[in-house]
Amino acid sequence: MALLPVKFDLKKRVKLAQTVWFMYWFAVLAGVLVLSMGLFFKIELRKRSELMDNNESHFLPNLLILMGLIACSINVFGGKVCYDSLDPDKFAKWKPMLKTYLVFCVGFNALLLVTAVLCFLMRIPMQFTLAEGLRNGMRYYKDTDTPGRCYMKRTLDLMQIEFRCCGNDNYRDWFEIQWVSNRYLDFSSKEVKDRIGSNVDGQYLMDGVPFSCCNPSSPRPCIQAQMTNNTAHYSYDHYTEDLNVWKRGCRDALLSYYGGMMNTIGALVILVTMLEASVTVGMQYVHSSLCNLANPEDPESESEGWLLEKTVKETFTDIMDKMKSMGKGIKVEEGEPAVETVS
Amino acid sequence: MLLKITFTQQRRVRLAQGLWLMSWLAVMSGAFIFCLGVYLKTELLRRAEVMDNTEIHMVPNILMMVGLVSIGTNWVATRVCQDSLDASRFPRWKLLLMAWFAVAMLLCCLLLAVVVLSYALQGRLEESLKVGLRNGIRFYKDTDVPGRCFQKETIDRLQMEFRCCGNNNFKDWFEVQWVSNRYLDFTSKDVKDRIRSNVDGRYLLDGVPFSCCNPASPRPCLQYHLTDNSAHYSYDYQAEELNLYSRGCRQALTDYYMEMMNSTGPGVLSVILIQMSVLVSLRYLQTAVEGATALEDPEGESVGYLLEKGVKETFEDVKANVLDILKFAQVDPSAAEGSPGAEDAEKPADNTTEKRWEGGGCVSAFFCFGCVSWVVASRAPFGF
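Line by line, the protein sequences give chains G and U. By full-length UniProt numbering, the letter at position 113 of the first sequence is numbered 113, and the numbering carries on one by one without gaps. By full-length UniProt numbering, the letter at position 150 of the second sequence is numbered 150, and the numbering carries on one by one without gaps.
So here's chain U without its partners, still in its complex pose (with noise of 0.2 Å):
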């Protein structure tokens, strides 16, 4: 036996009592996870403008699943508190709490899996912005073509709101006509020369939108002639560091983003925590009480532990039902003929039934994870 405790009946009401008061603690918390899956979301959605592909969403999609799932099960849990002091309730819930584990580990699996996924879709996120910016930057003159006419406003805001300027930096601005053709004099000779002077025939200028200005700023905003010296008294533009903001907004919509996620980390691990407490309690509990129904005495001691037999004769177990749950199925035609001995066979029967629920949600579990795994190692090329 693994990590076995002995249980009076005492004993076994306090923990029934705890594990319902800390099954419904996990309830919350697995609300609490699915409104930080939909807080992740909606802020995601906000920027969805300036992001070119939805890959990051991946994390907020599993915070919102697992929250749900974890609501439902952990009030299965209180149920099952509720009715493991009542010797005549209590083993209808046998079978399901063999999934029940399985889901509660693969649970928290998922919920590991989120947080390495929010470092790792660190790259993603990034490329996603960089690609998304470009073309924002890009559409901000066609505020006339149906479609794009928002991206102005999108963009002055943004810079606006996160104090940042272009995508890198501030010169990401003079490589990209950000005047529609609409509001130039084509017989001007500025104008002319400007169009003339670049391949493209596009109009490109030293400037910078009105978005970009920095109010703290001691001197009015220079949004023209950024390059020229003489073109402002007293300018600077080596030295000049106030008059725009100096971030790229890809940068500070990372860091924006970055630090939201990172911030939830202390909060998903501490549910984590407390899913695990209830998985462990709920094993002894139901391993506690299975033990004292046994007994001669139902109100006498009985033994809790984790695991009947070791973890390495547990694994073997394990494997020896999978692959009799892969026979049974091969087995069961041939197993209608020999109904006489079928009601021999039946006791026993019960108890291989038992293990093979016990097989399956053990296989399962682990399968989940094994794809869990996979899902991480494929999506996360920059994070490692």
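Just chain G, with the same shape it has in the complex (with noise of 0.2 Å):
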């Protein structure tokens, strides 16, 4: 009993053939934009990789990219044969290939598959290459004469404004960091050798932010220094002040940007892989009508096409059968010379 048989004559058989050709087209163009995908996001990785420590994982694009060029060259290939379908004898060169090529597809399909649930899953691990890459990109932020981080500054300070983000969790974090170099200190004043004695490490604290975490939209012209100091500001409460500085933490901003953009990517790699199915099914019953003609000598006679040749469960056992005699017939080539010597 085969699973859903339909019955195909001449003209179904080639309105079919069509309609999968065409539909090969547009997996190839869903080829081409996963892989474009794959190009994109690996391009956005490595835009920010200072910030993620160069630490960051590149196999998500990188199977993208993979998948993609898969994608585009086997649909190709179907779609070629699915031209030749109607004829019988270009047909008849790519017969026995079908068969195996059908079963990689499945196979393709449902890695594609895997790929979409990795591409939602890839947040967790860059949440925390987020945060040890930020963390470190503060604390080089006044490095700007050392080479290999003196674009640190720069890099931090235009990420700050583009993402309106201040810090790593928030704004406070620029506190517990030395963020001026000790180049633009003048060690003979009084109020740095305060600062420089009040804490273990000799650093230069304070409770001021760079100037790229200032928000434009405040009404009243930034405050970076002296936050925490009421006094210090005119008509300032450092509590119920809001608009002054970005409250969010870039960890937060670039987390929300790249996991945005994995999900988008997550399901257009899904609709792909719908995509992929149909097409595969499509091929699946081309494959089948072209093979039980009712009267192989007339090409145009009536054929049945079907999507498995017996239920799941038989096809099922059958592949267990045949693994296992594969499994057998290697056993048994080792032991029949043993037999052979002695009978």
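Read the hints as simulated data drawn from the structure, not as lab findings. Note that the structure is predicted; figures quoted are calculated from it, not measured. From the three backbone atoms N, C-alpha and C, an ideal C-beta is built for every residue, glycine too. Careful: at least some of the hints might be erroneous.
To be verified - To give a feel for the contact side, a few chain U residues facing chain G, derived at Cβ under 7 Å: (1) ARG138; (2) PHE139; (3) THR143; (4) PRO146; (5) VAL179; (6) ASP185; (7) ALA216.
Starting from two chains that each stand alone, build the complex the way the hints lay out.
Given below as structure tokens:
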């Protein structure tokens, strides 16, 4: 008993082949889309690799690029086979390969689905990478004279301006590190000596933030220095002031940016998987309908197409038996020379 | 005849097919011109708050109008091409074609005018930006005044995005009170000193807003006491280059818009070329097909030309036709009484009607070109 059998006459077969050929071209475009999404994601990760401590995992974009390339090639091949399926001579040369091709397609579709799930799960490792990278980035903010780190200040400033965020979790992260380089500190001044003496590591800590934390929507000119001191500024209350600097932390901001990107890519990959599954089903019908012509000599006769030759259970047991016999075959081969010598 | 070419039936067919394709290409380029106009207009509207007048909007407005008209005109050309090889359907396009040529010439002239205008209006754009930015800087502190409360945010975002500071340079901020009185402690000595130090009683300081800060500077941004070398460690006001953005916002915005309009220059010029080639080819097709229909054997050779007579003679003809049209309006009331003679006069009248269309088309084209040149000349005192 075949699974989901459908009767086909010549006209229906031709229509099916044309539809599936058309769908294969859409599938090629979908493969190109997956490839370009992988490239885009890779470039975005590269752009901010400094903030992720050059430690970010490129596994997902590489996988997307590979999937895109494979999708393009198998869909082009499938399209060609569909195009030739209307001509019995041309189709005869593709016939033997089709079964393995279809099995490969099914495996590829499963892999695509796994990729889509991975897209949604990548958020978790990214969170840790970002936290680590931003913490180090802020530590190196002042090292504009150290080769290899001299661009960290500009990168962080531009990122805080672009993503409208300040610090790692919030702006107080800047209070805990020295972000003013020693080159610009007057060590003979009393104030500097006090601040340096006030903590164990001898760092110049201040309750101020860089200018890139400032919020342009604030009605008052930005207050960057002495933020916790209410008397230092007229009509200023540190606890109720909420428009002065950005309230969001940069880790959250970057995570929601990349998370949104990955969610979109994941959704698109799921759609591509559905398209690929439907072309595989279509191809299976084309293949089965052309293989079981009622009258093998007459290419215009009726035929029956199906999804699986037997029911799901029987196909499964068939596959298990095949695998078992393959395993036994290896064992028997090893045992045979011994049997011969005995007899 | 001006620039005549002989056409066999096959060549005519080829010309019609090639022209059909080229007309569709011209439709695409018309759509491209329209989109270009829309893009320019959107970009100008985005920064409308720092511009004082809207004269520069003429460029995108003309582009949008030309784009739309060009789509329609070239679509008509494709219909003419399709009908040109069918002897029964072609004659109905006869009168329309004269008007078509006039409109196509007008479109090319307008596109040329746009290219010229985009250079000529640079001076006006700078003036408009100068006044707009000056107002923006003056109203920076008025975040509690309705209608001006967004100036601070607009100017801050502008300075950060275009990497500029002030109108001409950062010193513009020294001359304006950009800190609102709401945040000034009038009992403090420093505030009282500063307010008394100038005639208008404004709180002026040698400092700039945070949006002037340059992220590429190796040192944390110095915003206040900029002219006081002793206020900051290891700081020399004259030698410091990277601390703030050195460019003025007027210069930055003018450069931005000029670059945008310059980069559209080659595109517009190529669209002019496409339109001119469609015009010339359609003229050849029209004359060749008309010549062929006049022959005994419609499939034989015919001659296509640009102008029936030389340039000078055509000009004389057009002049005569224009005078005719002006007289026609006067002669008409008396013509109705001469009806018996009207039938004899009908046949040559057909010819003259056609010539009148031709003359009218040319006249309107020249008139419009004159208008456009006048507009350009009157609007561009600074450009040239």
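Results for each hint:
This hint is violated: ARG138/U has a C-beta 15 Å from the nearest C-beta of chain G, more than the 7 Å allowed. Against a cut-off of 7 Å between C-beta atoms, the interface hint on PHE139/U is violated, since the closest Cβ of chain G lies about 13 Å away. With 7 Å as the threshold, the beta carbon of THR143/U comes within range of chain G, its nearest partner Cβ sitting at about 4 Å, so the hint holds. Hint status for PRO146/U relative to chain G: violated, with the closest Cβ pair at about 13 Å, above 7 Å.
Interface restraint check for VAL179/U: the shortest CB-CB distance to chain G comes to about 5 Å, inside 7 Å, so the restraint holds. This hint holds: ASP185/U has a C-beta 4 Å from the nearest C-beta of chain G, less than the 7 Å allowed. At a threshold of 7 Å, the smallest CB-CB gap from ALA216/U to chain G is about 5 Å, leaving the interface hint in force.
Violated hints, listed in ascending order, are 1, 2, 4; each of the other numbered hints is respected by the structure.
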